[in-house]
Amino acid sequence: MIAFSSGKESAVEYDAGPVLDDGPQAPWIADVRDVPLRELAVDADGIAAAMADRFLEALDSPSRVQAMTFNSAI
Amino acid sequence: MARPITHYVLKVHSLCDLSCDHCYVYEHADQTWRDKPRAPGDETILRAAGRIAEHAARHRLDAVHVVLHGGEPLLLGHDRLAAVLAGLRSLIEPATRLDLRLHTNGVRLDERLCALFAEHEVKIGVSLDGDRAAHDRHRRFADGRGSHAYARRALALLRQPPYRHLYAGILCTVDLRNDPIEVYEALLAEAPPRCDLLLPHATWDRPPDRPPGVPAPYAAWLGQIFARWDADGQPMPIRLFDSLTAAAGGRRSGTEAVGLDPVDLLVIETNGAWELADSLKTAYHGAAATGMNVFSHSVDEAATHPGISARRDGIDALCPTCRACPAVRACGGGLYAHRYSSASGFDNPSVYCADLKALVSHVTARSAPRGPGGPTRAARRHGLPPGAFDSLSAGPGDIAVITSLAEAQLSMTRILVARVAAPARGGRGDLGRMAAAGWDLLSGLDAERPEAVREILTHPYTRAWAARCLRPPAGADPELDRAHLAALAAAAALRAGRTAELLLPVRDGSVYLPTLGALRVSARAGDACRVRISCDGIGASGADCFWRTVRRASGGGLSVAVDDLDPFRDCQAWPAAGRLSPRAWRAWRLALTAAARRLGRELPEYAGPLFSGLRTVVPLRADPAGLQRSGTARQAFGAVALALPPDSGALSALLVHEFQHVKLAALLNMFVLSDPDDGQLLRVPWRDDPRPVEGVLQGTYAHLGLAALWRSRAAQEAADERARGHFRRYRRWVAEAIGTLYGSGALTEDGQRFVDGMHATVQGWGHAG
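Chains A and B are the protein sequences, given in the same order.
Our numbering puts the first residue of the first sequence at 1, with every later residue one more than the last.
Our numbering puts the first residue of the second sequence at 1, with every later residue one more than the last.
No lab work stands behind these hints, which were simulated from the structure alone.
Take the hints with a grain of salt, since some may be wrong.
To be verified - Only part of the chain A face toward chain B is listed, based on derived beta-carbon distances under 7 Å:
no.: 1; residue: 29
no.: 2; residue: 32
no.: 3; residue: 38
no.: 4; residue: 52
Idealized CB from N, CA, C, for every residue including glycine.
Construct all of the structure, not just a fragment, from the sequences and the given hints.
Okay, here's the thing in structure tokens:
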């Protein structure tokens, strides 16, 4: 609509979506979505190194599965 | 009783004194203005006011809002406007409070009219598209003269002390050819109490102007204004940004343009017809018509029109693609008119879908509270919403779970990309300089245009690339791989609408921009190619360059990139296919959309999360023996790879199978489900070779999804013994593997809980079948 009008009075029908804080936590994955990439590269507090090392160790571990493949006539 | 209507647009003149070439009333699909009277008669105004008052009284409304509109409402003239305003006040105010407004191009606004509007407390909005060049690009008189000076004169009048309280604000229609910062500054100079930025009306039949190769140019344009406005301390309210922020936070958007507010608006035409929102006139001739009028039909009757009722069901009224999109609460599918196509009506995402999605990401990212610098900023940890872990372990999960998984994966990718770029890893020579320049640009854009960088970092094969850089496989060229930082930066710059010139690494005769495409160049592998990025796209020197885009398959609720170009996509164990021929691409596109439609029908509880989280499909080389072939790489969250199977039923099964791996791999990146030091290998019914515990978890979870699919097919196709047979077999395989997992002794507490969830699902299916 091409016009200004004041706020509508209709009720809110939908909730605000998921709340990340109230469920089970993954204690080793820091939320760095808002931490600038430049800060992560410098990694003064070592968080980036710890997370990256853990992720990469999982990729290297023989007990972990890196690529799931499927090959079947079904 | 139906939900009441509180907002009305009253057309008081059907003509205009300007001849703007972007006007939806005269220049778009609907031409019904030709058959309407120039102005409403007295009886029409009285009946309209009576209907509004009657409705307000019946629903005990605290207030109603009436906007006088056109054409150009001031063409009605002072005396007729005075009569209309008096009639509205006298008939409606006994029933409820009346908020009166008028929207004008400003050409005829003068002191006498302002005095009239002050007398009747009519607030005034004015259209202004920016500075003179921007405004006069479209808003011209029939003889070609611009109207910028008239609009500014009107705004100056409204800033005068006697009328300042009438000044409602400015509406500005976006045109990509205008400089966004100059437009912003021109609007700000008018000191509006509020302004709004409107996307130009467009539909899938009549798409908006877009420069080639730029996926979300309107988001890029608006993003520049948002960044400047935010940096300025948000000196004036901008409705589009405020509405997106409010809707993303679960509050009302207060506008039709975005959010999921139920529609609360009727239009009264000059002939007394009840009509739907004016913007529908851009869709097709007669799109806004209801067939009802103020003489014969009440507001309640008009509000029963499907065009109203269909837009009061919130998210349920949207198409499957929108329902599955994490941005839907903010954008709400965009303006209803912008969803239209003659092929499928309004059951589509907005034609501005990519722009809205990018803009939502940008606005909400910047609007989120930011903590102080330093380590405490990273103290917050990723987790899952309440119930998410159990929802996932039961099989399908839901969209909220997928969103949470994806956000955690994004943090991980940011860490890995930053590690690749860390100063200690700086390379030497041309490739090292290429990487350094790319990092400068990428990290700068991350601060200024985070939504553009986010699009690149959530690309599944960005993390696959980063993992390869940090753990180079045999035969890799680490310096060449690391130089891909420049390609990430170039893609982000293109998405941000930024201008940049930089060197990109050449691989197989192409430079590749993640998520966008590849430019074929006349240079050898390992060489550098200088490219120019601008809002017009990408260019390089050399006559024989040509661009190949990353194509998208959209339909049936699914919208995915089919990436046959990314140089780091070949990490699923099966070899990736090369560039699809036009014929092969058509087959892929049709097959994916058919499979999506089938999956939406057969297994909607799995389809929603899959449509929400699957970003990329990578074509694999076909199996020489004709077997089905698919794969998922742990480091490429959001992607599956497969060879095209023979039919949509097989393809939807492969998608379910592989997306189970995607979900579980993401969960395994967050939670430890089995003892990582446990080296035992376990037998499973679906493979000849024994598998590690994590492999058994993955296979069990994938077959749980397949069992659910065939259970649904068996129920829908009761006579199909093959479907029942598949269900029985997959259910048996899953049940056996669950027993093996329980008996392994290798499950952690979380792993036990995950297997319990799968077990409960299988138990719920019983043994009949």
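Hints, one by one, checked against the model:
For residue 29 of chain A, the interface hint holds, the least distance from its beta-carbon to any beta-carbon of chain B being 4 Å, beneath 7 Å. Interface hint at residue 32 of chain A: satisfied, since its Cβ lies 5 Å from the closest Cβ of chain B, which is below the 7 Å cut-off. At its closest, the beta carbon of residue 38 of chain A sits 5 Å from a beta carbon of chain B; the interface hint therefore holds under the 7 Å criterion. A least Cβ separation of about 5 Å between residue 52 of chain A and chain B falls short of the 7 Å threshold, and the interface hint therefore holds.
Every hint from the earlier list agrees with this structure, and none is contradicted.
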